[in-house]
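Novice: Listed below, chain by chain, are the residues.
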Amino acid sequence: MIKLFHVTKRYGRDNRALDDVSLRLHKGEFAFVTGHSGAGKSTLMRLLFAAEKPTEGEVLVAGHNVGRLDRTSIPILRRNIGVVFQDFKLLQQRTVFENVAFTLEVLGRPRHEIRDRVRTILRQVGLAHKSKSLPLRMSGGEQQRVAIARALVNEPMVLLADEPTGNLDTQLSLEIMALLEAANARGTTILVATHDLSLPETLGKRVITLEHGRIKSDK
Amino acid sequence: MINPRHIRYFIRQAINSVVRSPLVQLVAISTTTVSLTVMCVTLVLASNLDNLADRWSRGLGIICFIADDVPNKRLSDLADDISDWAEVETTTVYTKERAFEDLNSVLGDDRRLLVGLEKNVLPASLEIVLAQSFRTPTARQSLVLRLKQLSDIEIVEKVDFGSDMMSKMNRLREYLKLGGLAIALLVLSAVVFIITNTVRLTLYARKDEIEVMRLVGANGRFIRIPFYLEGAFQGAVGASVALLITRLGLSALPMAEFVSDIQSQPPKLQFIDSGTVFLVVVGAALIGILASHLATSRFLREND
Ligand SMILES: Nc1ncnc2c1ncn2[C@@H]1O[C@H](COP(=O)(O)OP(=O)(O)O)[C@@H](O)[C@H]1O
Ligand SMILES: [Mg+2]
Chain A
32 MIKLFHVTKR
42 YGRDNRALDD
52 VSLRLHKGEF
62 AFVTGHSGAG
72 KSTLMRLLFA
82 AEKPTEGEVL
92 VAGHNVGRLD
102 RTSIPILRRN
112 IGVVFQDFKL
122 LQQRTVFENV
132 AFTLEVLGRP
142 RHEIRDRVRT
152 ILRQVGLAHK
162 SKSLPLRMSG
172 GEQQRVAIAR
182 ALVNEPMVLL
192 ADEPTGNLDT
202 QLSLEIMALL
212 EAANARGTTI
222 LVATHDLSLP
232 ETLGKRVITL
242 EHGRIKSDK
Chain B
19 MINPRHIRYF
29 IRQAINSVVR
39 SPLVQLVAIS
49 TTTVSLTVMC
59 VTLVLASNLD
69 NLADRWSRGL
79 GIICFIADDV
89 PNKRLSDLAD
99 DISDWAEVET
109 TTVYTKERAF
119 EDLNSVLGDD
129 RRLLVGLEKN
139 VLPASLEIVL
149 AQSFRTPTAR
159 QSLVLRLKQL
169 SDIEIVEKVD
179 FGSDMMSKMN
189 RLREYLKLGG
199 LAIALLVLSA
209 VVFIITNTVR
219 LTLYARKDEI
229 EVMRLVGANG
239 RFIRIPFYLE
249 GAFQGAVGAS
259 VALLITRLGL
269 SALPMAEFVS
279 DIQSQPPKLQ
289 FIDSGTVFLV
299 VVGAALIGIL
309 ASHLATSRFL
319 REND
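Here the protein sequences line up with chains A and B, keeping their order. Note that the numbering used here has the first sequence beginning at 32, numbered continuously upward. Note that the numbering used here has the second sequence beginning at 19, numbered continuously upward.
Calculated cross-link-like contacts (lysine-lysine; reagent style DSBU-like; alpha-carbon spacing at most 30 Å):
(1) A:K84 / A:K58
(2) B:K225 / A:K161
(3) A:K236 / A:K58
(4) B:K225 / A:K120
(5) B:K225 / A:K163
(6) A:K163 / A:K120
(7) A:K236 / A:K84
(8) A:K84 / A:K247
(9) A:K250 / A:K84
(10) A:K34 / A:K84
(11) B:K166 / B:K91
(12) A:K84 / B:K225
No lab work stands behind these hints, which were simulated from the structure alone.
Just chain A, same shape as in the assembly (with noise of 0.2 Å):
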């Protein structure tokens, strides 16, 4: 579902964000990406869909060769992928309805399918009662639930998350991580990045470790 061939990532002449990484991903799979701040991770990310392009090497995310779309493949490649961020990115004028509908609207689903869809999507991540409300009112956990069900509405292929529970305290971030698990449960390939070593151990998931760009351990 993912994978990277001898990746190098440089930025200007000498920045090696990545170094000759190469990895691979099955479906259905669930591992995490960690090291400390600077190893890389958030470039591996923005990788993975398409907000970089590798210097070196072959980037594959479910059957794109992403480093060689142009502009105008790169959004069918990201309505296969969902993604998550430390910081939300909801729209703050938004609902949490109209925010998680976002994705279904951009694809010109009919109404009533977006209504069907939002409503499963968001009982499952428990916030159904908070439908009509705006992010700005809501818990860091709250929002981060209403981003993942934004990112998870249109049953994507691949989930990535970027330092998702950076915001949240230990227990918040045990519930987000369930969430991740249903979602995983349900088919879709989940890769989380984050600096905090104790996730993966908790969850038993698989953790490949970056140090300067390089994978120091993948086990």
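Please arrange chain B with the ligands on chain A, whose structure you already have, making use of the hints.
Specialist: Then chain B with the ligands, alone, in the frame of chain A:
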């Protein structure tokens, strides 16, 4: 292709952005209006001056004086023949009798000067108005030659400087066209500049939203179309208000009567015709779309 389910969304987005920042819209539309008013006034002036010039060069026709022994019947046959020529728009027959009457009425109170003159003292004549595309000195010259080959006719030109006058007039009309075009280009680039910058403001105000759109897989067209609508709206409203201002300004102008006084046929200052009005509004809307396209292209490139 545009998904029909998106249309409601596009319209809603465009309305939102107009409603959310009314001040920006007001500034955009009023500056667009000012620029387009300059263009409309230019358009009206140019088309009126052009009409005037057209009327003048029409007056620079050819007068053929007819030999005394040609009967009126032959004269009108001749006029019919000539008016079929491609270079000729119309011919008017002045018999000896009509020429005398005209002179009589022109003289008014001084007509006693004519007492004792015979009614056939003035020669009969044909007045020829050149067809539009033949109102050039050379075409006029060759028409004169062609006429001279007809028997019964002695050519005398109405005004000696007819040809000279005509080329001056044509040059004036060229300048008018060029000047109008230059002003139009200037105004249109000003409008593109204004709308591009307004749309840029809106784009920056909605930066987060556009980022999310791209993350969830919206393509460029989906992101752009609401902004196209916004630009078209600004252009069309600006043009409509500009046309209204020009129209009202025109009817308030005392010039309208002044011009009609110095002309024999009363030519009122004309507003541009409804076809051109339509063209100006649609054109401004298209310019608005072009401006939005430039703004969004640049924005999407910079914030890739
Ligand atoms: N847009 C960028 N321009 C220049 N350098 C960057 C850019 N993004 C990341 N970097 C550099 O790449 C390295 C890895 O960054 P990042 O992937 O954000 O690490 P992490 O997410 O693990 O903290 C860092 O040294 C960072 O300074
Ligand atoms: Mg990071």
